[in-house]
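J.: Next come the chains, spelled out residue by residue.
Number of protein chains: 2
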Amino acid sequence: MPRRLVLAAAQLGPIQRAEGREVAVGRMVRLLELAHRRGAEVVVFPELALTTFFPRWYEDDLAAADHWYESAMPSNATAPLFEAARRHGIGFHLGYAEKTPDGRRFNTAIYVHPSGQVALKYRKVHLPGHAEHDPQRRVQHLEKRYFEVGDLGFPVVRAPVGGNDVNIGMLICNDRRWPEAWRVLGMQQVELVMLGYNTPSLNMANRGFEAHHLRVFHSHLSVQAGCYQNACFAAAVAKAGTEDGHELFGHSIIVNPQGEIMAQATSWEDELIIADCDLEMCRLGRETIFDFAAHRRPDAYGPITARAGSQPPPAWTAAAG
Amino acid sequence: MPRRLVLAAAQLGPIQRAEGREVAVGRMVRLLELAHRRGAEVVVFPELALTTFFPRWYEDDLAAADHWYESAMPSNATAPLFEAARRHGIGFHLGYAEKTPDGRRFNTAIYVHPSGQVALKYRKVHLPGHAEHDPQRRVQHLEKRYFEVGDLGFPVVRAPVGGNDVNIGMLICNDRRWPEAWRVLGMQQVELVMLGYNTPSLNMANRGFEAHHLRVFHSHLSVQAGCYQNACFAAAVAKAGTEDGHELFGHSIIVNPQGEIMAQATSWEDELIIADCDLEMCRLGRETIFDFAAHRRPDAYGPITARAGSQPPPAWTAAAG
Chain A
1 MPRRLVLAAA QLGPIQRAEG REVAVGRMVR LLELAHRRGA EVVVFPELAL
51 TTFFPRWYED DLAAADHWYE SAMPSNATAP LFEAARRHGI GFHLGYAEKT
101 PDGRRFNTAI YVHPSGQVAL KYRKVHLPGH AEHDPQRRVQ HLEKRYFEVG
151 DLGFPVVRAP VGGNDVNIGM LICNDRRWPE AWRVLGMQQV ELVMLGYNTP
201 SLNMANRGFE AHHLRVFHSH LSVQAGCYQN ACFAAAVAKA GTEDGHELFG
251 HSIIVNPQGE IMAQATSWED ELIIADCDLE MCRLGRETIF DFAAHRRPDA
301 YGPITARAGS QPPPAWTAAA G
Chain B
1 MPRRLVLAAA QLGPIQRAEG REVAVGRMVR LLELAHRRGA EVVVFPELAL
51 TTFFPRWYED DLAAADHWYE SAMPSNATAP LFEAARRHGI GFHLGYAEKT
101 PDGRRFNTAI YVHPSGQVAL KYRKVHLPGH AEHDPQRRVQ HLEKRYFEVG
151 DLGFPVVRAP VGGNDVNIGM LICNDRRWPE AWRVLGMQQV ELVMLGYNTP
201 SLNMANRGFE AHHLRVFHSH LSVQAGCYQN ACFAAAVAKA GTEDGHELFG
251 HSIIVNPQGE IMAQATSWED ELIIADCDLE MCRLGRETIF DFAAHRRPDA
301 YGPITARAGS QPPPAWTAAA G
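Read top to bottom, the protein sequences are chains A and B.
Position one of the first sequence corresponds to residue 1 (UniProt numbering), numbered consecutively onward.
Position one of the second sequence corresponds to residue 1 (UniProt numbering), numbered consecutively onward.
Quick caveat, the hints were computed from the structure, so don't treat them as lab data.
A couple of the hints might just be wrong.
A few chain B residues that don't get close to chain A, going by computed Cβ distances all over 12 angstroms [claimed, not checked]:
(1) Q16
(2) G26
(3) R38
(4) Y58
(5) D102
(6) G163
(7) H246
(8) A263
Some but not every residue of chain B turned toward chain A, in silico, with C-beta under 10 angstroms [as the list claims (entries may be wrong)]:
(9) A18
(10) P114
(11) R158
(12) L284
(13) F292
(14) P314
Where is the CB? At the ideal position from N, CA and C, for every residue including glycine.
Go ahead and model the full structure; you've got the sequences and the hints to work with.
T.: What follows is the structure in structure tokens.
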């Protein structure tokens, strides 16, 4: 029996530092309405979709950055998005900076059911960058300063998305490069990964010879491999374009369980891409080449969970001839 | 300081069932000599490089298949390859079916130092296919019948390869699709993964809608992602062409730590491809975006080693509105 889902990824163009949340929310409402007219049942918005990517600026005092965070969801500023979703019967995924009542800060994503209820929340685990000001970098990347490591693991839930119950999970930006993150979702039979990102077009670490032209390739490679190896769909959605003088790449994609790109954004602006997904495609991989129960060998995977860092291997020396 | 390695991947065309090991070894010696003339310092031969891919045929009695296995390495039949390596000062990687003195059977690969000593041995962990005759399949794939799961883990050793000590590891065929296998190598700072394969061009499981035209893409995707995400080189080397009426795809590749294909075989025959590798390229990934100690979060990876199979997620239900 086919289980179809019309899936939309709503790339956002840049949000300048001076722009308020109501500007971003207005743009998202228009994208959601467009998605509705195109027959989409769910819309995936990017990471930190309400503001500029503020971790590029250093603040000595964290409290001075509090205005970038949401302490309520929905809030007055975001309520129009929840209302539009309810009006059109569309669920949506939204990334934002979360500040909890007890003062903890996370890089967070939620899936909001058309009723306005949050069906799934995820807090980013793989925070890139650094916690202190790095004088070597051309631009700071202070996610390790502004956020704690997510404390919710990689949750998957079976929730109504469009006309079906779908196993949904989330990754945020740098998570997509880590096969462990995809695998923990795959171990829970994820069918659709919602994934937002803000990724600079140029590497600003200023360390050696990384090829800028490969950055979109690395993003796509990671998402396509994650989908293929875990037999799932993904919507990987960018905030793109030149934000406060800093270029973020776009190339948002929707990928199927064979690792194929079904749709791709080609602008650096607000842009909607749509794919008609047959969720039953997830079964082929899961029941054959990636039948985990039949083929995985956790006894051989010990180092993956035993420690964070790598260790040098032993040396071999040829015996005297 | 540059650490260069001239790396050769020696794809083999088909080996028919009627052909003896001396035919295959003769072809490999010629490829090794060609590699030497081209300045290569190491040659990577494929999985099960001495015979046809025999797991496509069912034998009720395993002993009737004993002639496919090597009980000594080197043997009279393989000695010319070891001698050629010594003569030219080239190390090589070889895959073969191993039968141990106590009667155990493995799908094995070794790296042979030019001295003729085995510097590293690996036994395939991710055996694909099935153990019993499967009447639904158009062609059998009986690796789970003919081999035990490898008992050596995923070893990495620092060994002389060309003029440098290099951290080498191995994967065999289906292993390349499993990010866990790559990661266990990466956790040991692998710099070069030697990887042989025999992969049918058509899926013979006869189950549904797998796209045959994606099979080379899936192979490359897995190798490129494995190299990028673990900051290593790989030589992924096929036995290719029509073997006893069954087509194996080629497209052997050498991949760098950015996930780029440096060289690719384009025939289905014996074919040598070469790449000049700067081993220092492994450092960029390892010291920045894939600095494991700084960024990995094993606390969130528990399910990867906790069990083999996946589990369905919990259901979420909207509260009454």
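J.: Does the claim that A263/B lies outside the interface with chain A hold up, using a Cβ gap greater than 12 angstroms?
T.: Its Cβ never comes within 12 angstroms of chain A, the nearest being 17 angstroms, so this holds.
J.: At a threshold of 10 angstroms, is the proposed contact between L284/B and chain A supported by beta-carbon distances?
T.: 5 angstroms, holds
J.: Beyond 12 angstroms from every Cβ of chain A: is that where the Cβ of Y58/B lies?
T.: 19 angstroms, holds
J.: Please settle this one: Q16/B was flagged as non-interface, so is its CB more than 12 angstroms from every CB on chain A?
T.: 27 angstroms, holds
J.: Does G26/B sit more than 12 angstroms from chain A, CB to CB?
T.: 26 angstroms, holds
J.: Was the hint right that R158/B lines chain A, CB cutoff 10 angstroms?
T.: 5 angstroms, holds
J.: Are all C-beta atoms of chain A more than 12 angstroms from that of R38/B?
T.: Holds: least Cβ distance 24 angstroms, greater than 12 angstroms.
J.: Verify that the Cβ of H246/B lies farther than 12 angstroms from every Cβ atom of chain A, and report whether the claim holds or is violated.
T.: About 18 angstroms separates H246/B from the closest Cβ of chain A, which puts it past 12 angstroms; holds.
J.: Min Cβ distance, P314/B to chain A: is it shorter than 10 angstroms?
T.: With a closest approach of 6 angstroms, the P314/B hint holds.
J.: For the hint on P114/B, just tell me whether its beta-carbon gets within less than 10 angstroms of chain A.
T.: OK, holds: P114/B within 10 angstroms of chain A, min 9 angstroms.
J.: Mind checking the CB of F292/B against every CB in chain A and telling me if the closest is under 10 angstroms?
T.: 5 angstroms, holds
J.: Closest CB-CB distance from G163/B to chain A, is it above 12 angstroms?
T.: 14 angstroms, holds
Going down the numbered hints, you'll see the structure goes against just number 9.
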